[in-house]
Amino acid sequence: MEQVSLIALDLDGTLLDDRKEVPPENIRALEEAQRQGILVAISSGRMIPRILPVEETLGLDCIILAYNGGKVVGPKSEGRPLISERPLPADIAELFIRFSQDGDYLLNFYRDDVLYAEDSPNRRRFMDIYSGRTGAEYHIEDLTGRIGQEPTKLILLAEPEERDRLHDHFVAELGGRAYITKSDPEYLEIMAPGVSKGTALEALGEHYGFGLPNVLAIGDAENDNPMLEAAGIGVVVANGTEASKAVADHITEKTNNQGAVAEAVRRFALR
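In short: position in the sequence shown from 1, add 1337, done, that's this note's numbering.
Just so you know, not all the hints are guaranteed correct.
Derived EDC-like pairs: lysine to aspartate or glutamate, alpha-carbon spacing no greater than 16 Å straight-line [claimed, not checked]: (1) K1357 x E1339; (2) K1519 x E1559; (3) K1591 x E1362.
Worth flagging that the hints you see were computed from the coordinates, not collected in a lab.
With these hints in hand, go ahead and build the complete structure from the sequences.
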C-alpha cells in the first residue's frame, strides 16, 4: 500500500454526522494526520462559503474542493490560491433554467460563490430542505437574467423518485455535454463536462506533486464515486449508498454518526 499524501473527505453523510456536526474522534484523527504531514482536502458539492465553517470546526488548514470539483482552492496558509475552476457552459445552464421555470422546479444557480434561485411555494419547500442541511442563503431573483452566464454548478431539486427519472432523462439527452450526478436524495447536480471530484484530485496531484495512488478518499454517495475510483484507496462509510459501496476498495464498520472517517484515517493513513 502506498504512503498516503492526501486525505480527501466528503462532508455530508461522511465527515459530518446526521446533526451536521463533526464527531470528535474524526477531528482527533485528522489532527494527527496533519501533524504527520498529510494534506487534508474537504471535497464537497457545497459552495466554498458553506465549507469554510467546517474547516474552522476542524481547526485544520485544508484544501477546498467545492462544487463537486468545479472549483478548487488551496489552504488558508497559502492565501487560498485558485488551483482549478471550470464553469458550466451557458447553453446548458439556459436549458436547465427554462426547464425549471416551465416545471416549477427549484434550480440552484451558483456563480461567484453566491446562490441564486427563483421563488414559489413548491420551490420554497426544497429551499428549506437545502438550507437546513447546508446553511446556505438564497438570493431570490428571476433566473432569466442569468441566461448567457456560466455558473460554477447547478442543482435541480425534486422528490427522490422524480430526481432519479430526471437524472436518466438528462444523461440521455445531454450525453457528454455535462456531468450529471446524484448526491442527497433530492439533488440532481450538474457540472461542466470533465468536472468531478476525481478530476479535482488529479489537479491537486499536479499542483502539489503527488500521485493518485497516494490519495485516501472517503465518501458516501454517487457524486463521490469519481474520487473513490481515482484514489489509491477509496473508502465508503457504512451508511453509504449501494452504488458507492460497489466501487469502494473498503467499507467502514462505522457510520458517519460513529466516526467512520476516524476509522478509515487510522487504518489507512496514519503512520
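Given the hint that K1519 pairs with E1559, test it: the Cα-Cα distance must not exceed 16 Å.
Roughly 6 Å between the alpha carbons, so the hint for K1519 and E1559 holds.
Does E1362 lie within 16 Å of K1591 when you go C-alpha to C-alpha?
Answer holds: K1591 to E1362 is near 12 Å, not above 16 Å.
Under the criterion that the straight-line Cα-Cα distance not exceed 16 Å, is the pair K1357, E1339 satisfied?
violated (32 Å)
Against the hints set out earlier in the document, a violation occurs for number 1 only.
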